Every structure is written in C-alpha cells, then in structure tokens.
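Letter by letter, the chains look like this.
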Amino acid sequence: MRMIGWLGLAALAFTVGGAAQAETVKVGVVLPFSGANADLGHQIDKAFDLYVKLHANDIAPNKVEIIKRDEGPPTGAVAKTVATELITNDKVQILTGFVFSPSAIALAPVVTQAKVPMVIANAGTAWITNLSPYIARLSFSMWHHGYPMGAYAHDKIGCKTAALAYTDFPPGKDSTEAFKTGFEKAGGKITDSIPMGSPVQVPDFTPFFQKVKDAKPDCMYVFIPSGAHATGVMKAYGELGMRKAGVKLIGPMDLIPDNKLQDMGDAAIGTVVMGNYAVDLDNADNKAFNAAWHKEYGKDSYPDFMSAAGWDTMHAIFDTIKKLNGKVDDGSKVIDAMKGWSANGPRGKVSIDAATRDIVQDERAMEVIRKPDGKLGIKVLGTTSAVKDECKELKIGRCGS
Amino acid sequence: MPHFANIAVSILFDGLAYAMFLFITSVGLSVTMGLMGFVNLAHGAFAMAGGYIVVSLTRSLGIDFVPALAISSVTIGVASIPFERFLYRRLYRSTDLEQVLLTIGLAFMAIATATYFYGPIPKSVPLPEWLQGDVNLGFRYFPSYRAFLIVLGAALIAILWYAFERTNIGAKIRAAVDNRRMAESVGINVDLLFTLTFAVGSGLAALGGGLAIQLFGLSPSFAVIYLVLFLIVVAVGGLGSLKGTLLAALVLGVFDTGGKYLLADAGGFFIYAVTVAVLLIKPAGFYGRE
Amino acid sequence: MDTTSRERARERAAEYLLRRHRFRPAEALPWLIAIAVYFIFPDRMTFGSQVLIMVMFALSLDLILGYAGIVTLGHAAFFGIGAYTVGLAAARLHWNEPISGLFAAAIMAGLVGFITGWFLLRYRGLTLLMLTLATAIMLQETGNLRSDISGGYDGLPGLTFDPLLGKFDYDLYGHTYYLYVLAVLAVVFYFVRRIVYSPFGQALTGIRENVRRMHAIGSPVHRRLVTVYTIAAAIAGVAGALFTQTNAYVTLTVFDFDNSAKVMVMLILGGTGRLYGAFLGAVVYMVLEDYFSKLSPTFWQFGIGLMLVLAVLFARRGVLGLFESAGQYFSERKKS
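Respectively, the protein sequence lines represent chains A, B and C. Quick note on the working numbering: the first sequence kicks off at 1 and runs consecutively. Quick note on the working numbering: the second sequence kicks off at 1 and runs consecutively. Quick note on the working numbering: the third sequence kicks off at 1 and runs consecutively.
Bound conformation, chain A alone (with noise of 0.2 Å):
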C-alpha cells in the first residue's frame, strides 16, 4: 500500500515537474506591414516565420508564440504604443523586429523600465545600444559597412577623391560620416557632400548625380534606403554614363537590394559595395538558407541582407531560449546570455559583443558582375573578419555617451 502511495506520488511528481517543464515563451515581433515601408517588414517577417517552422523542435519541450503588430510609420509613437502593450497585455518576454531607428530609440526608456529585451532586427543607428542595457542588435550599423568601405575604397580601387551624396536623413549622414572617417584616415579626400532630399519621396536624382559628375571625383559613395531608391539611383547613374565618365559607384549594399539587382540592368555592373550579405555567397548556411527560402516562397522570392538578419536575430533568440531552458521571465538574465552569442549563419560568422550588445560581423567587399547564365550577380572581392562598431569603438559623437 505504501510501496503503491510512493510510487503514485513519485509518477505526481514527474508529470507535475514534466508540465512545470514545458514552457511557451511570448516573443513580440513588431514590424512595418502596411504603408510605403511594408515590403521591408515583409522580408525581415518571412525570415522569422521561416526559422520557426523549421527550427521549432530545437527548443523542445518549450514553444515559442509570436504576436505580431504593426510598427506603423516612421515615426517611433505607434511603434511605442504596440510595443508597450505588447509588454503590459500581451506579457511578451521578448520584443523583436523593428526596421525603423525612432521605433527603437522610442522604445529605449520603456524596455529598460519594464526589463524587457530588445533584440533588433534591423534598426542601424549606431548609438541606440547604448540607450538601454536591455538592447542587443542582430543586423548592423551604418559604421559597419561605412568605415570598412573607406579605407577599401582607397586602397583597394584606387579612389584618391570621393564625393559623398546621401538621402538627407540620420542614416544617410551616419552613413556618409562613417565612410569618411575611414577615407580621411585612409588618406583619401572627400570633394563634396551632397543631401538628396527626404526619405519619404524618391527624388529625381538626376541633379544631384549631374553636380557630382561634373566635378569628377573618383568615387562616388551614395547612401539611399533600401528600396525604390535604389533604383533610381543606379538609373540616374547609368543614364547620365556616370562609369564611363570615370566616376566609381560605390556604397554600403543598400545600394544593391537583392530583390531589385535584376532589374537594374547594365548599369549596375562595377558596383562595388560593402555589405554583410549578398545572395549568392559561398557558404554552406547561405545555401541550405536560399533552398529554404525558394521551397517555401517560390523561386522568384528572394531572401535579402534584412531577411539573413531575421535569421540569425531569430537563430539567437532560440539559442538563448535553449540555454535558459525556457525560463526567459528574467529580462537581465536573457541579456546577459545573449552576451558573447556566436553562431554560423547565412551571413557567416555573426557574434554579440559582449560590451555593446552588438552584433560583430564579417564585411565583404563585393562587386556587381553579370554571371554566365546571364542574371546580374555579386562577386566577393575581399572579406573583412569580425568588423565591430568603429562608432562605438572609437565613440564618435552620440556613441560615445
């Protein structure tokens, strides 16, 4: 009788402790889905979805539920509001996503009051990961592609000006300061620097294009967001025979969507960009990555720099949802196991510094080339291993508070 009262409660036990075991962590994913900016939501959202489905099991028996919403425009105050609700009703223990910088620098004093983490996206203002201890990045910032690309562009392609012209908002000057700092040290000169109207309308580029190819620089750095922008300029550039004026294009991968390259034609080759993904790059992750991505959106989907970076911000999320086993209720605690993350990706070898909370990541050279079986492509020139944040790092201006 005893022997039955022992075992009945040892067999409580373990299904109690079994079920106590199991947990479902809410994780937010907030992203723009409708308006101007929801095609680059849509990218990053993919990519989270994707690693989902296929990576469910490896947090088992934990699940993890994603509760979408809308981070609206640019603006930063509905992203606020979602994202504080998505805190105080939805009781999320992660937020994720956020494409736009203001959403994040809004969001900093709410994440760090209700210790709540923060992992972005996308989001590349430098100094937002010093706004809130609870902040990792998984994308980039404007320095990691900016400053490399200076020192490159002058020693590598030979540019000994440089004009800069850039769409006259903080990315575009965060950008541009990057790159010039690198060229300056470099030993480079910047001949002119040029803003080419707000984010919001895509300008006709031609005037801006025209000035600069009439003063003859080398280069021509350009800093446009991602998207219909891109376009355009690679257009102006072609039709205003910018190359065989002898004016270099050059530029962070913004400049060269992947989802657009096809379209923008002749023009494009000689691009040379420095990025942190490109579609075609050579390594095993990136190639099972793409086959995932065409088997589930079809072949005439293509994944982007801001779908690989959805990958790797969901890769770690698990990861640390695996290392803590579930018990993610500590907002510190999942911070601090994010510290010193590191895994291979589509993107290479991607880690979280531990000092900033962000992310360190291998830069490429990368060059437009048209690839024999006629579609427009990228060749890697040159890789960079483990590129920091030089704003941070050298703490220029705001990243140094």
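Because the hints were derived from the structure by calculation, they are not lab data. In this text the structure is predicted, and so the values were computed from the model without any measurement. Cβ coordinates follow ideal geometry from the N, Cα and C atoms, glycine included. Heads up, a few of these hints could be off.
To be verified - Listed below are the simulated BS3-like cross-link pairs for lysine-lysine, each with C-alpha atoms no more than 25 Å apart in a straight line: (1) C:Lys294 <-> A:Lys91; (2) A:Lys26 <-> A:Lys322; (3) A:Lys375 <-> A:Lys248; (4) A:Lys63 <-> A:Lys46; (5) C:Lys294 <-> A:Lys63; (6) A:Lys185 <-> A:Lys216; (7) A:Lys339 <-> A:Lys322; (8) A:Lys379 <-> A:Lys349; (9) A:Lys68 <-> C:Lys334; (10) B:Lys243 <-> B:Lys172; (11) A:Lys295 <-> A:Lys185; (12) C:Lys294 <-> A:Lys46; (13) A:Lys244 <-> A:Lys216; (14) C:Lys294 <-> A:Lys26; (15) A:Lys53 <-> A:Lys322; (16) A:Lys339 <-> A:Lys388; (17) A:Lys339 <-> A:Lys91; (18) A:Lys53 <-> C:Lys294.
As the list claims (entries may be wrong) - Computed footprint of chain A on chain C; a stretch qualifies when at least three of its residues, placed anywhere within it, have a C-beta under 8 Å from a C-beta of chain A: (19) 69 to 77; (20) 153 to 160; (21) 235 to 248.
Using the hints provided, position chains B and C relative to the given structure of chain A.
Frame of chain A; chains B and C shown alone:
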C-alpha cells in the same frame, strides 16, 4: 564647354524633362478643376493606375514600353468615365471640402487595391534599347529617356494647344470654363464636355504615371505622395489654363532642379517657396481667374 | 399666425438662445465614458492617452473648419510646433516641468498661428489649401536643415519630464498620463465651449455661412478669423506638447501631411461644427484603426477610404449628423 555654361545646360535640360512630366500629369487636373470646379484628389490615383497597367502590360504580356503607354492611357481614360458619370457628377454643386474627402477616400481605396494586387514593393519597367543610355546631341551627351520626355511633352503641348485654340471642341471648353451658364444657354452640351475633358485628363494622368516609373519607381503610395506636386502645379498655374499649367510646370521644374543642383541642402525648399511666393502675389496662379 | 402664438414663438426662440450655452445632461456622457475607460481598460492607457490627444487636436481643427469654415491642409504644423517646443525645451534647455511646457507650447504655436494666419487668411479655396500645406512642409524642411538642433527624423530621444505637480510620477502603464491628458482636455474643452457659445462664436458661424453679409454688416471678418486661427493653433500646440510628453520622444514626422489629413478625416467622420464631433470621430477612427490594422492593414486603408466615400455621399454631417437626423425623425413622428 565652359563650366558655368555646362551647369546651366544641365539644369535647363533636366529641369525641362521634369517639367514635361509635371505638365503631362497635371494638365488634366487643371482643366478639370477649372472647367468643373471639382477638386479631384484621386487624380494621383489615376496616374498610379496608369503606371501599374504599363507594368503589367510590359512584364506579363511582353508588350513594348511605348505601345503600353498608349494602351494604358486610353484604358484609364475610358475607365474614368463611369467615375465621372455616377460619382463625381453628384458632387458638382457640393463644397470643396466634400469633394476633397470623397476623392481622397477613392484614392485610399485605390492604394489599398494596388497593394493587394501588386504588393508594396516598388516596380520598374523594362525599357527598349533606344531609351536607355544617352544620346549625343553634338556638343554633349544627354540621357535618352529624358530627351524622349521632352520630345513627347512638346508634341503633346502642340496637340493640346491646337485642340484648345483651333478646334470647335476646344472653343466650347474654353467657353464653358469662362462662363458655364452662358455656355449652356448657348446650347453647348456642358455635361458631355465634362465627361470628355475628364476622360482626356485622366488618360493624360495615366500617361504621366507610366512615364514616372523610370524617374521615381512605382509603388502604391505614388497616388498621394506626388499628388502634392500636381496640386502645386495646378494652383501656381491657374485653374483651367493650359498656358498656366505649362508655365508653372516649367518654372517649378527648373527651380526644383536648379535648387537641388546648386543648394542641395535646401533642395526641397525651393518648390514650396516658389509656390508661396507666387500665390501670395497672384492667388489665382499665373493665368487663373479670381 | 395670431398675436399670442407669435408672441409664444418669440418667447420660445428667446429662451432657446438664452439656454443654448447651458450644459445639457447628455454632455456629461463622453467624460463619464472617458473615466470609465480608465477603470475598465487599465492596460490600454497608453493607447487611451493617444486617443485623447487626437480628440484635442481634432477639437482645435473644429474651431477653424467646423465653426469658421476655413479649410486648411497644414494644421499639423501647429501640432508640430507645440511638440517641438516641449521637446527642445527638455532636450536643449533642460526644462522638464510639464505644465509650464504646455503653456510654452501654446504660446509658440499660437504665435506662429497668428503670424501665418494674418498673411494667409486673406485667401480661400485651393490657394489657401496650397499655402497652408506649403507652410507646414517648409517648417518640416527647416527642421531637417538644422537637424543638429531638431534631431531630424531620428528626433530627440530619451526626454524626461518632472513628476506632475511635483508628486505624480509616470509609470509604464501610462495611468498618470491618461488622467493628466484627460484633465488638460477638460480644461481646453471648457474654454472652447465658452468661445463657441459666445457672441464671437456666433460671428464665426456667420462668417462660415455668409461671409459677404458679415462684411456688409461691418463685422471685422479678417480680425475674427485670425483670432480663431490663433486660438486653434495654440490648442493644437498643446496637443502636440502632450504628444511629446506622453511619448518622451519627438521626430520631424509630427509635421507630416499625413497628420493634417488624418485629423481632418476624424473630424468629418464625427461631424464638424458640433464640438463633440471631435470626440466621436477621433475615438471611432483610432479604435477602428487599432483593431483593423491588427487584422489586415491593407483592408484598413480600403475600409477608411470606403467610409469616407460613404460619409460624403450619405452622411455629410458625420456620425453626429446621423444621430441628429435620427433624433429629428423620431421627434417629428412623435409630434404627428
């Protein structure tokens, strides 16, 4: 070429091409507003629709760019007729505000529909060989597409001018813009005139939309983002005036291009500063009536 | 009509005019609902504050659109000025007291409203639309030009504000914010109501209905318009200030044309020239937007467009107008 002259030529050429685009897309709006007194903020949506039809024709059906432009304009022009007959007509006597709201509502619906069918990702069109690259005009090279815009614009201006000034219908339209009641009492079928003008105006907007793809890319929000520009051209030029729209398009196009070239920092400023300056002095625009 | 019934009619008319401004019991309803929301939905207070701010913004627009009949596309400019007054004061001058911030915002916005109104209100129609729109855009461009001061489109982050009246601090759930905004809204509303029912308010209605006649009877039309425009600008500025305070953040997007358009749609849907139209329109719009954009943002945009079209075709005086028509219909049936 001497440097200064080179800059001037660049600004004038680029400004002219931009002005042609503004003119083609806005002239329909000006005549509609002048003739019918109807504030049609869905005009941008018609332009966007025209652009999307060109995208579909060239990408899915493999039709060449220029024929696609023509087909798209005619299609949208004809498709706009039911809107005028059954919807807009009921509001000719309403207040400006109500017309604004109705047409903005239509524009929103159009944007949502475009997003549903085409997705939010901006589109581009494949151009034929002769429109890519640049063309040599002897003393320097010019982008072919913009040269095409200027030539097309000039041709349309000539056709429209002829139609307005030298044909019967043109005379009737001008009469109706001047004094609708008088025109009606003289026996002019003003209703039919409205429908015809509206159809042509919308067709031209569609043409402008198709042409804009190469300049700005096409996404559903095109309908409202560039609407501000068209309204400015119409307001500055004066409602119902062909001359006014052309002059306004030229002034604004060249100032905007010049401003961006010479003072990129304050680039976007110019077009609005010019607008305010003109409207303060001549509230009805260059050739509008009080 | 014989003498007695004529006298009685006159008496009734006089009584109506005298009583018009008195508070009707039904007027307490929106305020009771607002307070009830505080208790029923304690976890939606952040959203609730934003709704109340929009109500105030729509109210300010009602003064010029609904009562004075001025159609403008640049009202967001005043919202933005108020928002940035508070933002810059907190970020650059380290002035964190919230209530004085509201006054400063009202003064700045009112000042700009006075200056622009004095020049622009001589025009009407499309001209005025374009002028007001251009002004708002130029303000935004200026802000971007000096983004070292304004923070550009990344804005002024991490603003902090002192606890209200030295005691009430702000919490994550936004409880304090909500009551704070509600209190300010109540004060502003009382003020607006007094204006609307005063002789000044009557003059505004006159200007809206028949401006020529007003000129003819010697009413100083331009002065009246500028006055109401200034007041409306100041109120919009207060709404903007509250926006910055509740979000602890402000970017240049507060000047967007989108904002001007959105508040106009809210007001029209609710019903112009009826004071409470602003309440109804703002609440309905924000709640529907919140609900539908969670379901499907594309359908939301289509839906709001459709609502606008239907409103113009069938419900020109907004939802309140519909209620009024229904009310009239029933009271007429009662009589007959």
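Consistency of the hints with the structure:
no.: 1; hint: C:Lys294 <-> A:Lys91; result: 17 Å, holds
no.: 2; hint: A:Lys26 <-> A:Lys322; result: 14 Å, holds
no.: 3; hint: A:Lys375 <-> A:Lys248; result: 21 Å, holds
no.: 4; hint: A:Lys63 <-> A:Lys46; result: 19 Å, holds
no.: 5; hint: C:Lys294 <-> A:Lys63; result: 23 Å, holds
no.: 6; hint: A:Lys185 <-> A:Lys216; result: 22 Å, holds
no.: 7; hint: A:Lys339 <-> A:Lys322; result: 15 Å, holds
no.: 8; hint: A:Lys379 <-> A:Lys349; result: 19 Å, holds
no.: 9; hint: A:Lys68 <-> C:Lys334; result: 52 Å, violated
no.: 10; hint: B:Lys243 <-> B:Lys172; result: 17 Å, holds
no.: 11; hint: A:Lys295 <-> A:Lys185; result: 46 Å, violated
no.: 12; hint: C:Lys294 <-> A:Lys46; result: 17 Å, holds
no.: 13; hint: A:Lys244 <-> A:Lys216; result: 11 Å, holds
no.: 14; hint: C:Lys294 <-> A:Lys26; result: 17 Å, holds
no.: 15; hint: A:Lys53 <-> A:Lys322; result: 16 Å, holds
no.: 16; hint: A:Lys339 <-> A:Lys388; result: 14 Å, holds
no.: 17; hint: A:Lys339 <-> A:Lys91; result: 23 Å, holds
no.: 18; hint: A:Lys53 <-> C:Lys294; result: 22 Å, holds
no.: 19; hint: 69 to 77; result: violated (count 0)
no.: 20; hint: 153 to 160; result: holds (count 5)
no.: 21; hint: 235 to 248; result: holds (count 3)
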